[in-house]
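J.: Spelled out, the chains give:
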Amino acid sequence: SENSSSSSSSRVGTVGAETARATMVDTESLGGGAPRLKAGEVDLGTSIMAVAFNGGVVLGADSRTSTGTYIANRVSDKLTGVHDRVYCCRSGSAADTQAISDIVRTQLSNHATELGRLPAVKTAASLFQRYCYEYKDRLMAGIICAGYDEIEGGSVYSIPLGGACIKQPFAIGGSGSTYIYGLCDSMWRPDMTREETRNFVKTALSHAMARDGSSGGVIRTVVIDKNGVDRDFTPGDKVPFSF
Amino acid sequence: GKGQPATRQAGGGGRGAGKMSSVGSGYDLGCNIYSPDGRVFQIDYAGKAVENSGAMIGLKCKDGVVVGVEKLVMNRLLMEGSGRRVHPVGRHAGIAFTGYVADGRAVVSAAKSEVENYDDYYGVDMPPHVLTERLGHYFHAYTTYGGYRPFGLATVVAAYDNEKGEAFLHQIDPAGTHYRYHGCATGKARQAAKTEIEKLDLSSLTVEEGLKRIAFIIHTIREEEKDKPFEFEAGWISKDTNWEFELVPRDVRLEADKWGKKRVEEMEMEDDSEDED
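Chains as they are written, first to last, in the numbering used here: chain A, 1 to 243; chain B, 244 to 520.
Okay, chain A solo, but in the shape it has when bound:
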């Protein structure tokens, strides 16, 4: 499924077309070796998003990991912590994103030790960007880095395939995100409360999971604020929207 390139050529060059398929066509047409999932490699074809609110962030993801048409893990956890108040959502190659987040976790820990306090989310995003950009020809990793720090409050950074790093009020990613751009743009408002933000994330992800074959399973959310990290789990039969 990750190798089919139909219907994606029209999306070449559009901002926000973050599907692995669309970008692979793009880089291939430039003549370089495009990052591809290898035969049998596990794919986080996915729906992920993160939304900032006043005082924190909500991260959300589906739970499907596939190898071709076989669902290797239907309850995976794509929301990965890299520090006390910084998490990331992972999409693309499971191996690549795990390797990168492990490295970033180590580096952030060392950095925080020298700093003597909690690191900025911007720092975590900067570290993610370093690897995603420098090794762009060898990686397939779409990452959303989000968390809470004293300086900015809640912040969300999107680091798509080429290694750009963009701060946004909310970010969506993964193959399923293409189906919910319109929904998110119309649903999102500034200054939502913590609960409104969580419901926004759950609703948007359930729409993505309904339409994208590579997304499904359960909805996991993580809410991060000054006081801590709150994990939540919505079973597949209790999602806000499904056919």
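All the pointers check out, no bait thrown in.
Dumping the calculated DSS-like pairs for lysine-lysine here, alpha-carbon to alpha-carbon at most 30 Å:
hint: 1; chain 1: B; residue 1: 407; chain 2: A; residue 2: 226
hint: 2; chain 1: B; residue 1: 291; chain 2: B; residue 2: 437
hint: 3; chain 1: B; residue 1: 291; chain 2: B; residue 2: 442
hint: 4; chain 1: B; residue 1: 407; chain 2: A; residue 2: 167
hint: 5; chain 1: B; residue 1: 442; chain 2: B; residue 2: 469
hint: 6; chain 1: B; residue 1: 355; chain 2: B; residue 2: 305
hint: 7; chain 1: B; residue 1: 504; chain 2: B; residue 2: 291
hint: 8; chain 1: B; residue 1: 482; chain 2: A; residue 2: 226
hint: 9; chain 1: A; residue 1: 202; chain 2: A; residue 2: 226
hint: 10; chain 1: B; residue 1: 482; chain 2: B; residue 2: 501
hint: 11; chain 1: B; residue 1: 355; chain 2: A; residue 2: 167
hint: 12; chain 1: A; residue 1: 202; chain 2: A; residue 2: 238
hint: 13; chain 1: B; residue 1: 501; chain 2: B; residue 2: 469
hint: 14; chain 1: B; residue 1: 355; chain 2: B; residue 2: 482
hint: 15; chain 1: A; residue 1: 226; chain 2: B; residue 2: 305
hint: 16; chain 1: A; residue 1: 136; chain 2: A; residue 2: 167
hint: 17; chain 1: B; residue 1: 482; chain 2: A; residue 2: 167
Hints in this document: simulated from the structure, not taken from any laboratory.
With chain A's structure known, arrange chain B on it following the hints.
T.: Leaving out everything else, chain B in the frame of chain A:
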């Protein structure tokens, strides 16, 4: 280098130690040697380079940090502003030094690299305490090898911490020891300078007022007949500078210098008139 046994010369100090020989007595030949009473003389000697140089005074005021240096002018043909002791090392950070001036250039260069690399890697401004610690490690490294000598410098770090929302003042000595200060003084007559600093209520001074007080202190502790002429160099970082470290503008600096000098003269006249009664 490190690990080579020290060769002790019989009866007296190392080459060229001459009249100072009673201080070192062969235990001062390198950084890799302790004396029997636990001193590393090379570091002490580096401190002497600082003690004999122009005064450097830093103050953490209520709205920022200001640092001033008494730059002794060795040569009347020197152009004003040349041979600076105060340097910005990033937008949000600056350092000043006194002592063996040639070493200062190396430290400024190292500090600039550190700040730049930190920003590049971690995406945020290097906080003051991290910059100070890194420089402290750098100074210290040069005290651990027999083939190196310590930096003959005391260095002040004035930088903004964007999480705390204020600027901080640190000072590093030739050994690499560093502390955070409300006010610090080093160089010639530093004890007299420290006494003057203790008279100040720093929490009520702005950096402009702090600058004038620094100029006053420098003029007070100098001995006009004995000391060489000097240039007053200063830098600051405050809310008014938008938390960017900058050299104090020339006219402001000269004003402060004039104020300081006048204040010293006024106080001397007051003392004289008191004596007459």
